[in-house]
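Undergrad: Which chain is which? The protein sequence lines are A and B, in order. End of the first sequence sits at 438 in the working numbering; the numbers just go up one at a time, nothing left out. End of the second sequence sits at 438 in the working numbering; the numbers just go up one at a time, nothing left out.
In case anyone wonders, no lab produced these hints; they're calculated from the structure. It cannot be assumed that every hint is accurate.
If chains are identical, the list can't say which one is meant, so a pair holds when it fits in one copy or spans any two.
To be verified - In silico lysine-lysine, DSS-like type, Cα no more than 27 Å apart, as pairs:
id	residue 1	residue 2
1	LYS155	LYS403
2	LYS387	LYS251
3	LYS280	LYS403
4	LYS403	LYS341
5	LYS126	LYS292
Next come the chains, spelled out residue by residue.
There are 2 protein chains.
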Amino acid sequence: MKNILSTTRLREDMLEQLENEFGGYEFRFVKSREVTDRDREWADIFVTYGSDMKAEDMQAFKNLKWVMVMSAGLDDMPLSEMEGVHITNAKGIHKIQMTEYTIGLLLNFYKDIHQLNLEQERAYWRKQAVTEEIYGKTVHILGTGSIGSHLAGVLKAFGTETTGYNTKGREVENFDRTLPVDELHAHIGEADIVINILPSTGSTRSMLNEETFRKMKDTAVFVNIGRGDIMTDDTVNAVLSEGYIRHMILDVFNQEPLPPGHKFYEYDNLTITPHASSKTPEYLTRAFEIFIYNLRRADDFDSMENIIDNARGY
Amino acid sequence: MKNILSTTRLREDMLEQLENEFGGYEFRFVKSREVTDRDREWADIFVTYGSDMKAEDMQAFKNLKWVMVMSAGLDDMPLSEMEGVHITNAKGIHKIQMTEYTIGLLLNFYKDIHQLNLEQERAYWRKQAVTEEIYGKTVHILGTGSIGSHLAGVLKAFGTETTGYNTKGREVENFDRTLPVDELHAHIGEADIVINILPSTGSTRSMLNEETFRKMKDTAVFVNIGRGDIMTDDTVNAVLSEGYIRHMILDVFNQEPLPPGHKFYEYDNLTITPHASSKTPEYLTRAFEIFIYNLRRADDFDSMENIIDNARGY
C-alpha cells in the first residue's frame, strides 16, 4: 500500500510534511472533476471531502484499502458499495467552530445585534435598547457526539440547562441530562432553545415534523446545524407561517445552495446562513492532523482514529 | 429611619413585596425631574439610578442616611459632598448580560454574522463563507471586578487565554494571569482582543492613548463596555483612521447618545452600539434583590452588600 490519491488540496506546509515524513508513499493530487478511472485503479488510499465518490466509481477503485474523509458528514458516500474498504473521517474537528457559530447566532438573535448594526448604518441611537439573555434558558440538543458535548459545555458556562438526546439516552459529558431520542416529543416542550446536530441517516431523515414543533414552546428558538433533511421544507413552511415557535436559525437545507426565490427567504422569523457553521481556516489543519495520525498507523487499521462502521454510517 | 424616596420605578410585584415585608416604611415614588427639596428633606433613604443627584441637592438632603444606587456606575454622584452618607450600589448585577453582550459582539465580528444577515436579505448564498474563530485567542481585560471575572470564565470555556489588569495585579478567579495596570504598555502587544470594563475614575480617564493602541497588534480588536472617557475622541479618530488596530467595538462614548453626524459613524472598522450592554429585563430584578437584601439590614449598615467607599468611588 503506497499510492495515495487526494482530491483534497493541501497547503504547502502540509505537502512538505508529507514529503519529509512519508517519503515511501507516492502522492497524486487531482481535482474531483478530473479524477480518471486510471487514478482510481492506481490508488490504495483515497483522501477526499467525501462528496466525489459515486457508487459507479467503486468498480474502478480495484485496489482501494482505505478512504480518509476530510469532513464529518458521510451522507454522499456509497457506503453500501464499500464493503471491505476501511473508512476514517475527520469527526471532532468541527466542535470548536460549530459551537462558536451556534452561540454567535443565538446571541445575535437574543441581543438583536443585526438590528443594532443596521441602526449604526443610519446613525441612529436607540435609547431603550433592552436585549434578552440566554442565561437561565433550557437548551435541548439533538446529537451528543463531540460537537454536541463541546457545545453543551460552553453553553453551561453561560448558565443554561442542557439536555442531550441520543439513541439510548446514554450519559455524555457536559450535559445536565441525556434522554433517548424516542422520548423527544415527551420533553421537547421544556426547551427554550432546540439545537439539531444529528447527521443524516435513515433514522434521522424527516425525524422532526409539524407535531414536534407544535409540542415546543411558542417562544422556542430552533437551530439546525446538522443536516437539512431532518425535516421537510413543508414542515419548515408550516412552522414558520403558522408561528408554532418564535424563530428558526437554519444553516443547512434540503437544497443547497438555497436558490434565490426560495420561499424561505420570505420569512421574518427565520435566519438563513449558507452552511458555514464549520468553515474556518483551522478546519483543514485539524483534518490534516487526523490524516497524519492515521497514516502513521496505515499498517494497523484498528489503531486509527475516527473509524467508521460502514453498516451504521457513522 | 423610615422614609424612602425612590426615583427608580418599580414593578407591581416589587411594590407588593415592599408593602408586605416593609410595612413600617413610608415610600414616595417620584420621577427624577420632579423631585422637590421637600422630598429631599423628607427622605432618610434614597433609591436612585445615580444620575439624578447633584452636588447642589445635597443641602436639601438634610436627613439622608443611605443611598441605594440601582446601577454600578457612580460617575455622576457628588461623592465628595456625601461624607457621612452610606452608599451601596448594584454592582455584580451586570456580569451576565455584559458577558453575553461582549461575546455576542465579538462572535458577530469574527463570524461576519451581520454580513451573512444582509446577504440573506437579498437572497444571496455565499459559497465560500469561511469565518474566524475566537478559540486560541489571547484576551486582555482591563478591570477584574465581578464583570471581568465572569467574562473571563466564559471566554475560558471558548478556549481563550485571559489576562486581567487591576491596580496591583492581585490574582482574580477565572483569569490565567493578572497584571498591574501600570504594566499595560509592556504587555498589551500580546493581545488579540482587548476589552475595557474599567469604571470612570480620576485614574482611568484618558488612560488609553494613541501610544497604547500603537503597541497593540495591528490585528487586535478592542471592545469598550466600561466608560467612554477611558480615551478621548481624538484618540479613537487617530486609531481608526490610521488603522493601528483591526477593529473597535464601542458601546460607551464621551458623548451619549452619540449624535447623528458624529464622525464615528463614518468608520467601517468600528461597531457602535447604544450603551446597551447591561440592559436586559432581568436588570431591575437583580438590582431590586440587592436593595431588599440591604433594606433588611438597614439597622446595621456594615452588614449590607456592595458598600461603596466614598473616598475611592467604588
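Undergrad: Evaluate LYS403 and LYS341 at a C-alpha cut-off of 27 Å and name the case that applies: within, between, both or neither.
TA: between (31 Å within a copy, 25 Å between copies)
Undergrad: At most 27 Å between C-alpha atoms: does LYS280 with LYS403 qualify within a copy, between copies, both, or neither?
TA: both (24 Å within a copy, 22 Å between copies)
Undergrad: One pair to classify: LYS126 and LYS292, alpha carbons no more than 27 Å apart. Within, between, both, or neither?
TA: Result: close neither inside a copy nor across copies, 41 Å intra and 61 Å inter.
Undergrad: Check LYS155 against LYS403 for me: Cα-Cα at most 27 Å, and say if that holds within a copy, between copies, both or neither.
TA: Answer is within; shortest intra-copy Cα gap is 20 Å, inter-copy 52 Å.
Undergrad: At 27 Å max between alpha carbons, let me know whether LYS387 reaches LYS251 within a copy, between copies, both or neither.
TA: The answer is between: 19 Å across copies meets 27 Å, while 35 Å in one copy does not.
In the structure shown, a violation is registered for the earlier hint numbered 5 alone.
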